[in-house]
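With the sequences and hints as input, model every part of the structure.
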Amino acid sequence: MIEITGLAKTFPARGSNAPVDALKDVNLTVQDGEFLTILGPSGCGKTTLLRMIAGLLPWDDGEILVNGRPVTGPGPERALVFQSFALLPWATILDNVAFGLELRGVVKAKRYERAAELIDLVGLTGFESRLPGQLSGGMQQRVGLARALAVDPKILLMDEPFGALDEQTRRLLQEELLQIWEATRKTVIFITHSMEEAVLLGDRVALMSPRPGRIVDLVAVPLPRPRAATVDAIEGSAEFAKLTAGLWRQLREMQLFRRHSAQGRHRSSEPAA
Amino acid sequence: MSSVAVEVSRPHPPGFDGRRFASNAAPAAIALAIGVALWETAARIWDQPFFPPFSAVVERLAELTAEGKILTSLVGSLSNLVMGFAISAVVGVGLGMLMGAYRKVEMALDIYVYAMLTAPSLVFAPIFFAIFGLGRASILGVIIVYSMFIIIINTVSAIRGVSPALIEMGRSYCASERQLFFKIILPAALPLIFAGLRLGMGRAVKGTINGEMFISAVGLGAVVISAGRRFDAAAVLAVLLVIIIVALIAIKLVQIVDARLTGWLPSTARQGRAGRAAAPG
Chain H
1445 MIEITGLAKT
1455 FPARGSNAPV
1465 DALKDVNLTV
1475 QDGEFLTILG
1485 PSGCGKTTLL
1495 RMIAGLLPWD
1505 DGEILVNGRP
1515 VTGPGPERAL
1525 VFQSFALLPW
1535 ATILDNVAFG
1545 LELRGVVKAK
1555 RYERAAELID
1565 LVGLTGFESR
1575 LPGQLSGGMQ
1585 QRVGLARALA
1595 VDPKILLMDE
1605 PFGALDEQTR
1615 RLLQEELLQI
1625 WEATRKTVIF
1635 ITHSMEEAVL
1645 LGDRVALMSP
1655 RPGRIVDLVA
1665 VPLPRPRAAT
1675 VDAIEGSAEF
1685 AKLTAGLWRQ
1695 LREMQLFRRH
1705 SAQGRHRSSE
1715 PAA
Chain C
45 MSSVAVEVSR
55 PHPPGFDGRR
65 FASNAAPAAI
75 ALAIGVALWE
85 TAARIWDQPF
95 FPPFSAVVER
105 LAELTAEGKI
115 LTSLVGSLSN
125 LVMGFAISAV
135 VGVGLGMLMG
145 AYRKVEMALD
155 IYVYAMLTAP
165 SLVFAPIFFA
175 IFGLGRASIL
185 GVIIVYSMFI
195 IIINTVSAIR
205 GVSPALIEMG
215 RSYCASERQL
225 FFKIILPAAL
235 PLIFAGLRLG
245 MGRAVKGTIN
255 GEMFISAVGL
265 GAVVISAGRR
275 FDAAAVLAVL
285 LVIIIVALIA
295 IKLVQIVDAR
305 LTGWLPSTAR
315 QGRAGRAAAP
325 G
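Protein chains in written order, with the numbering used here: chain H, 1445 to 1717; chain C, 45 to 325.
Hint data in this document are derived by calculation from the structure and do not stem from the laboratory. Fair warning: there could be bad hints in the mix.
[Unchecked claim] Calculated cross-link-like contacts (lysine-lysine; reagent style DSSO-like; alpha-carbon spacing at most 30 Å):
hint: 1; chain 1: C; residue 1: K227; chain 2: H; residue 2: K1552
hint: 2; chain 1: H; residue 1: K1630; chain 2: H; residue 2: K1552
hint: 3; chain 1: H; residue 1: K1598; chain 2: H; residue 2: K1554
hint: 4; chain 1: H; residue 1: K1468; chain 2: H; residue 2: K1630
hint: 5; chain 1: H; residue 1: K1630; chain 2: H; residue 2: K1686
hint: 6; chain 1: H; residue 1: K1554; chain 2: H; residue 2: K1630
hint: 7; chain 1: H; residue 1: K1598; chain 2: H; residue 2: K1630
hint: 8; chain 1: C; residue 1: K227; chain 2: H; residue 2: K1598
hint: 9; chain 1: H; residue 1: K1598; chain 2: H; residue 2: K1552
hint: 10; chain 1: H; residue 1: K1554; chain 2: C; residue 2: K227
hint: 11; chain 1: H; residue 1: K1630; chain 2: C; residue 2: K227
hint: 12; chain 1: C; residue 1: K227; chain 2: C; residue 2: K148
Every value quoted in this text rests on a predicted model; they were computed, and no experiment measured them.
Set out below in structure tokens:
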């Protein structure tokens, strides 16, 4: 279980830039085996939040507990999947998938055996000795996913993992991720800026506001599981349309509000100048 | 799960590729042949003692070699070169890594490195001479001044250029500082470090000959000096040919080691990398 209470982060002023309130009073609880998607406009601090859960970024205020223990840094029970894939360009697919195990000192034969399993799971058998640069973006992210799963984490943290992929590849990977998740039932926190992706994948959607980022709504997704085999039917359903439309309405309001308030600030400063 | 068929572009594997070598070597060979022909005709038409034709230079080279002057001098120069370059490479890469890893070290040393890089290296020859005398240490000093700073600068930018995403990935998988360095930062920085070593090698050859000419008359530098005093232009150019060949072989050796260690780089990136290297020598 992941419990986040009163989390706040302000990035200090840099040069002429004013300090930025990235997160303010973020409260969130994620149950074991839950697939939570975090949806928000760009720049709302969703990635910041994820990096804090991963233990890569310190925060100013509040607390993150993973299975009751406060997060002080990265841990073996959490694994991250990156938007930019972050694969080692000089290492083969096999070595990339085995990298997390290698860092943990798992002997070569064992980690290769485990990596081969995961490569099979993500459908990349036959590509073991290729380099990342020889693979398409979709295949590279399969490697990223396999690498994360190889260390057998309890929690999978996914930072807009399909954001850099084209629409068709993204849809295929969404289905594959659903299949894998439905087979493994890991706890997943999945960042996205797509309403459709958030609803299709998630048990719940946490909606974040623009800066300072807060969780403004938690929307339960009552769509039946397993979903992998019925993605088309789900996306065609009235329930799906209603959920995505509802999320979009809230997102649009936030964006419009932000624009108005920015313009308002601008106008009020004019007479003074 | 089904895998998706994707077109994969395969970069050139490391190792020898005969066809590519031929297609790369042919233009160079033609250019060399034209150059030699131009030299030969121009020298014959102009007919000046200080500008001997290519054939005369080759002839003189054969004589000098037969006299045993070239080989012994070459051995002396090469040992200076190897030793000077080795010190430059080890110290240069080491310092560069420290500067790349620690911002404060860089801020402290930056000014010295750039000062030494831009200062005419030969200026230091009399200073080394005063400190070390006529010995080998003076020549090594000159070689190091010539070659080390370009290696430092490239190493710094190599370390700086390592993708922060890769480092963050390593951290997220609980890599220790040691693992971060040896498993991520070093391999990622290697291509640009080698670009610096290549430039450093070219400068080390220059430093070797200049050091030998200006400090103590040893090695190939001594042959150049004595030939110059006798106004033996053919001998000067003959030694110059030897020096150029040595430099090209030395740089090729660095490239071979480079290709072994960074064979993962696609060939297009490899070609572009020469341009990315800081301040050419």
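Okay, the hints, checked on the actual structure:
| no. | hint | in the structure |
| --- | --- | --- |
| 1 | K227/C - K1552/H | holds (15 Å) |
| 2 | K1630/H - K1552/H | holds (26 Å) |
| 3 | K1598/H - K1554/H | holds (20 Å) |
| 4 | K1468/H - K1630/H | holds (28 Å) |
| 5 | K1630/H - K1686/H | holds (27 Å) |
| 6 | K1554/H - K1630/H | holds (23 Å) |
| 7 | K1598/H - K1630/H | holds (6 Å) |
| 8 | K227/C - K1598/H | holds (25 Å) |
| 9 | K1598/H - K1552/H | holds (23 Å) |
| 10 | K1554/H - K227/C | holds (19 Å) |
| 11 | K1630/H - K227/C | holds (28 Å) |
| 12 | K227/C - K148/C | holds (24 Å) |
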